[in-house]
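Position one of the sequence shown corresponds to residue 1452 (the working numbering), numbered consecutively onward.
A few of these clues could be false.
[Said to hold, decoys possible] For lysine-lysine, the following DSSO-like pairs were computed, each having C-alpha atoms within a straight-line distance of at most 27 angstroms:
| id | residue 1 | residue 2 |
| --- | --- | --- |
| 1 | 1750 | 1688 |
| 2 | 1688 | 1747 |
| 3 | 1755 | 1688 |
| 4 | 1679 | 1755 |
| 5 | 1747 | 1681 |
[Stated by the list, open to error] The calculated label-pair distances, taken between Cβ atoms and stated as ranges, are:
| id | residue 1 | residue 2 | range |
| --- | --- | --- | --- |
| 6 | 1649 | 1619 | 12 to 22 angstroms |
| 7 | 1606 | 1709 | 22 to 32 angstroms |
| 8 | 1489 | 1747 | 15 to 25 angstroms |
It is worth saying that the hints were derived from the structure and are not from the lab.
All C-beta atoms in this analysis are idealised placements derived from N, C-alpha and C, irrespective of residue type, glycine included.
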Amino acid sequence: MPPGQNQSWVSEFILLGFSSDPMTNRTLFSVFLLLYLSSVLGNGLIITLICLDMHLHTPMYFFLCILSLLDMGCVTTTMPQMLVHLLSRSQTISFAGCWLQMYMFGALALTECFFLVVMAFDRYIAICYPLRYTVILSWGLCTQLSAGTWVCGFFFSLIHTFLTMRLPYCGPNMVNHYFCEGPSVRNLACMDTHVTEVVDSVISVFMVVAPLSLILASYIRIAQAILKIKSMQARCKAFSTCASHLTVITFFYAPATYIYMKPNSSYSPERDKQISLFYNIFSALLNPVVYSLRNKDIKGAFLKVMGKARVTW
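Construct the complete structure from the given sequences, taking the supplied hints into account.
The structure is reproduced here in structure tokens:
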């Protein structure tokens, strides 16, 4: 690359996706379209119910509403582009489009990493300090915690995206993934990426290990508090309020930890594409199911809204 030239030689990337066979792609299109619409409708329904039902205007459901918003954002950042490519002969994405997709997906995913810690803190206060729950988690604090997670997510994603996309890309330009995911794009760089990998590793530790440690600390305190409860029925009720959150954490963090915490030498494009589906698509799809099936308030709000709809009709 000539001295002083900061722009990449590559003006667009080709996203290889999952298959080059048209028949397979049409089948995948139907499957992923169903998954995408289900995740958007499911999360959209939770947001709508929480907004419409005054009984759900509490810190717990405020946080659940934001989680659903983050999930909708993550899948919408990647899925529509993939669906278009499954039916189109052209699988290209512009350099600027790749930059934007990488940044937005990273920002929303990193925000969710932090936000799951906030939700663990919510459960900690609810179980360990039930009588002071609404006093401690005031609307001011809830807003500050939520805003802080968004700021951190968008800031660290900017660092990651800037360091990745400023690398020289002089060919090939075929990204072995279904969206512009950092490690997949970085492997096409025309220079040594050791510094970028080190910075990404530090960010990964900060965004994965640190939140998981805080979540673990919260649940240790929660478990201690639950074990002090004498009634077995009360113990089960207290634990059930945490079960949905623990399920969400598992579906999100397990695949994300594997992809972003493993050494670059063990990079496997095909395996990484499949695993990324879990924290990108399936996590967003399962979150509404987990919270709605296990939550009487959500089901009650849904029945109330449906009842009003019947009266209107």
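Results for each hint:
no.: 1; hint: 1750 / 1688; in the structure: holds (17 angstroms)
no.: 2; hint: 1688 / 1747; in the structure: holds (12 angstroms)
no.: 3; hint: 1755 / 1688; in the structure: holds (24 angstroms)
no.: 4; hint: 1679 / 1755; in the structure: violated (37 angstroms)
no.: 5; hint: 1747 / 1681; in the structure: holds (24 angstroms)
no.: 6; hint: 1649 / 1619: 12 to 22 angstroms; in the structure: holds (18 angstroms)
no.: 7; hint: 1606 / 1709: 22 to 32 angstroms; in the structure: holds (24 angstroms)
no.: 8; hint: 1489 / 1747: 15 to 25 angstroms; in the structure: holds (23 angstroms)
In this structure, the one hint that does not hold is number 4.
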